[in-house]
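In order, the protein sequence lines correspond to chains A, B and C. The numbers in this note's numbering rise by one with no breaks, and the one at position 128 of the first sequence is 122. One gets this note's numbering by counting positions in the second sequence from 1 and adding 2 to each. One gets this note's numbering by counting positions in the third sequence from 1 and adding 28 to each.
Among the hints, a few may not be true.
[Claimed, not checked] Facing chain C, a subset of chain A residues (Cβ under 10 Å, in silico):
#1 V154
#2 T230
#3 P234
#4 G264
Hints are computed from structural coordinates only; laboratory data are not their basis. In this text, all values refer to a predicted model and were calculated from it rather than measured experimentally. Note that beta-carbon positions come from the ideal geometry of N, C-alpha and C, so glycine has one too.
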Amino acid sequence: MALAQPVIDQPMEWEVAEKQVGLWSDAWQRFRRNRLALVGAVIVVFLVVVALAAPLLVQLGIIQPPNKQHVEFIESGIGQNGYLFGSDELGRDTLSRLMFGAQVSLSVGILVQLIILPIGLAIGLIAGYFGGRVDNMLMRFTDIWYAFPDLLFVLVVVSVFQQYTSGNVLFELLMIFGAIALVNWVNLARLVRGQVLSIKEKEFIEAARSSGTPPSKLILKHLLPNSLGPIIVTLTFGIPQAIFLEAVLSFIGVGIQPPQSTWGQMVNSGYENINANPSSVVFPALAIGFTLLAFSFIGDGLRDALDPRMRR
Amino acid sequence: MAQTLLQVEDLRTQFFTSRGVVKAVDGVTFHIDSGETLGVVGESGCGKTISALSILRLVPDPGRIVSGRILFRGNDVTKMDSEAIREFRGNDVSMIFQDPMTSLNPVTKIGPQIEEAMTAHNRFTPEQAKVRVIELLKRVRVPAAESRVNDYPHQFSGGMRQRAMIAMGLANEPALLIADEPTTALDVTVQAQIISLMKQLNRELGTAMMLITHNMALVASLCQRVIVMYAGRIVEEGPVEQIFKSPQHPYTWSLLRSVPRVDEARKDRLVSIRGLPPDLSNPPPGCKFHPRCPFVIDHCKTEEPSLSEVGPNQVARCWVLMRNVTDEALQVARTASISQEAVRKLRAISTDASSPA
Amino acid sequence: MAVIAGRPTRGALLPPWFTAFTGTRGGALAIFVVRRILWMIPVVFFVIVITFALMHLAPGSPWDKNGGRQLSQTVVNNLNVKYGLDKPIYYQFGLYLWNVVHFDFGFSYQYEGKTVTTLIGEGWPYTATLGALAFLLIVPIGVALGVVAALRQNTKVDYATMGFATVAASFPNFVIGAMMVVVFSVLLYQWTGGQFYLPSSNFGLDDHLVLPVITLALLPIAYTARLTRASTLETLRQDFIRTAWAKGLPERLVVIKHILKNSLIPVVTTLGPTFAFLVTGSVIVETVFNIPGIGRAFVTSVESYDYPMILGTTVLFSVVIAIANLIVDIAYVFIDPRVRLM
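Isolated chain A (complex conformation):
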C-alpha cells in the first residue's frame, strides 16, 4: 500500500467562503424578504404621496377642497352625488378630507420623533455614560415620568394649552407635538442608556478610553453606530404611538380643531351620524387602523432585519 508523505499544509477545499456583507446591506436584504414589512412600506409611501399630492389634486380639480360645504349633499353615501367616498354632515368631501387628514397624521407621527430623538438620546447618553448617582437620579426621574398614564397626561396638557392656541393650526400642531413628545421620550432614553451600558463594558472602549480619546469622540465613533439599530426601531414604533395619541385627542374633540380635518375628528363626527351614513365612520376608522398597522409592520421588519442575533 502506498504511503503518504504527511501532508501538512493541505488547502481546505470544503469551507465555503463567506461573503463579507456589510451590516446595512445585510439588513436591507432581510427587510426586503419580509413581506409584511414591504406591504407596510408600500402603504406608508402611498400615504405620503397622497398627503403631499392632496393640495395639487384640489388645484387640478380632481377632488373637492376639503372644507367646501355643500349643504344639499350632506351625508351622501359612497359614490353618491359625485363624492367617491361620500360626504359628511356638512356636505364636505370625505375623500378629500381623508387626504388632508393624512397630512396631520403623518406629520404628527414623524415629526414628534424628531423632538423625542434629541431628548431621549441626551438623557440616555448622560445616564449611561456617567453612571453612578447621575444615572440613579435620572432613572428615578424617568420612572416617575413613566408612572403617569400617557393618554391622561396628554389630555391634561392639551386641555391646559388648548385655549392659548385659539384655532391656529400651527400652534395646535406644536402643542400636540410637545405633549406627545413629553410622554413618549422615556422609552428612547431607557433604550439608549441600556445600549450605552452594554457597550461600555466591552474592552475596546477601555482601550480607546485609556488611549486618551475624548468622550465626545467615543460617543460618536463607538457608542452611536452600535446602537443605531435599536434606536431606529424604537423611533419607528414611536410613530404609530404618536399617530394614535393624536387621533384619540381629535376624536375627543381637543387638539386640532376644525376646519382642519383630522382622521380622529372624522371618526367622531361620522360616529354621530352612524345610523344614517355608516361609511363616514368606516373610512377614517380604517385609515387610522391601516396606517398604524403599516407602521407596526415596518417596525417589526426593521427590528428583525437589524437584530444581529438573527443572522441565518
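Since the structure of chain A is provided, determine the placement of chains B and C on it from the hints.
Same frame as chain A, but now just chains B and C:
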C-alpha cells in the same frame, strides 16, 4: 454471561433544514450488553448526541429517524407507539444531559422533580417516592438530603445539580443509562468526584451505561468498550485497552494525542487536529476525514472505506490504518503544528454555530 | 464577615434582630413591600405637583385671579374658601395637598355644588364593572390564545391567532369600537329588519355590556396573547423540557407542570400594563358607548375645562395604576422562586 441489551442497526437520522438535508447520523451500528459501559467519543457535531437522542426518540425538529432499527431487548424502539415509548423513557433507558442548570426545571423543587419520574411509571406510589428520593440523593452523595429535597435547582451547586440529575436518571433502576457529557459543564475538581461516583454506582447497581464524551481520559477510567464517531459514522470501535494502545484510525490516534499525560503539562483540547468538522449537508467525497488527515493518500479522496477488522473485536474505517504508517511519517505528523490557514479560518468562523450538536 | 474583611460592612449599626429578620425570605419580602410602598409616595406626589402646576398655567382658571371665567358667585365663594386664592401659591398648593390626602378634590365647575369626590363616586361603579368584566375576558382568552399559538407554532392556528393579535393591537380602541357599532348595531339592525342588534350606548347589566367590554378587552387580549406566545416558545426551547420528555412523563404533565409553570411567569408582569390599558381605555370606550363612568366624566371635564375634576380624576387614575403595579410586582416575587430579594 453478557446478553445484548441494546442493538442499534444502521441508524440514520437526518435534519431537514431550509439549507438542505443534514445527515447527522449516517448508518451507525453498535450494541451495548447489560452491565457494560460503552464510551462514545468524537468532536461536537459528529452525531453522538443525536444517536443517543434517537434511541429515546427525542430527536428535535427538523430531525427525524429516517431508517434503521433500535432493538432494546428485542423490541424495536422506532416502531413503538406513544404509550410504549413513554413507558420506555426514564424507565428502561434513562438519559442525563450535559448542563444540569438548564436541564432542571427552575421553578420546581428538586424533590418533586425526581419523584415525578418515579410516579409517572407507576413503579412507586407517591408516598414511596417521597421516601425513595431521599435515599437516592444520599446515594449520589448529596449532603443533608432530607432538607435539600425542598430546594430549588438554583440553590444547588453545579456538582450537586449533576448528582441530582444522576439520581433522577437512576430513580427507576433503568437497565441502561445514557450520559451525555456529564462532566463537561463542571469544574475540574468536581468532575473527578462525579467520575468516581459513577464508577461506584456502576459497580453497585450493574446499570449499563452509554457515556458520550469528547474527553478520552473519562473513557479510560469508566468504559470497557469505546466507539469513535466522525461525521455521523463510526470510524473505530473496540475494547478500551486495545484502542488506547494501538488506535488504527488516524482520527482516534489524533484524539489520543490530546489525552493529558502525567509527565507532561498538556491542555485537554483537540488542538492538534487541524481543520474543522465537515459540513454534514455537503460532506467531502471519499473518506469524510480525509481533508484533515495527516496520512491521507489519493484513494482516500475518492472512495469511502468501510469498517474492517483490525484486531480482536476491533474495527476501523480507514484505507491506510495506523499500523501501516512509517515511523518517519509519524514523526513529522507529531511535530506538525496547525496550519496558518486553518487558524485563520477557525478564528473567522468561531462565532458561527451552525453544526447540529 | 466584617471582621474578616477588615472593614465595617453595610448595616454595621443595625440591631442584630433586624438583620436576622431581613435574612429570612419572609423578612426580606416585608422589607421589599415596604420599600415599594414608600417609593409610590414620590411618584404620586410628582403627579399631583405636575397636574397642579399645569392647572395654574391654564388661562381663566380660578387659580388665575386676574383672568377668570364667568363662574357663579357661590362657586367663587367656595373656591376662595377652599383654596385660599389670595394666599401665596405655596400655601395654595399645600392646602390642596392637605385636601387630597383627605380625599377632597374640591368642587366641580360643571355641576354646581357637586364635589369632585361625589362625581367620582357616582361614576366608578360603571367603570369598575366594565373593567372587571374586561379583565375576566383578557386573562383566560389572552393566555389561552398565546399558549395554543406557541404549541402549534407555524401552523395555520398560529398565523391566525397572531394575525388577529397584530390587527387588534394596532387598531385603536375607538376605531374598533366604532367599527363594531357599525357592524353589530347599524348593519345588523338593517339586515335583521330591526330584530336583532347590539346596543351601542348607555349602560345596562345586559347586552348593553357586550360591545363596550369587548372593545375594551380586545387590545389587552392581543398584547397578552403575544407575550404568552413568546414566553411559551422560549420555554419550549429550554433543556429541561427535553429532560421532562426523557423521564417519560405524560404529555399533560409536561405541558402543565413544566411548560406552563415556567412560561406563565413573565405573563404576570403584563397584568400591570393591562390594568393601565383598562384605565386609559375606559376613557375612550365610555365616550364611544356613552357610559356614565369616570372615564367619560374625565373627557367631559377636559372638554369643559373643569379643572378640579381633571385634576382629581388624573390623580385618582395615577394612584390606582401605581397600586396595581405594586401588587403585580409583589405577586411576581411570590411566584418566581429565583427572584432574589437582596
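Here's how the hints hold up against the structure:
1. V154: holds (4 Å)
2. T230: violated (13 Å)
3. P234: This interface hint holds because 7 Å falls under the 10 Å limit.
4. G264: Holds, about 8 Å.
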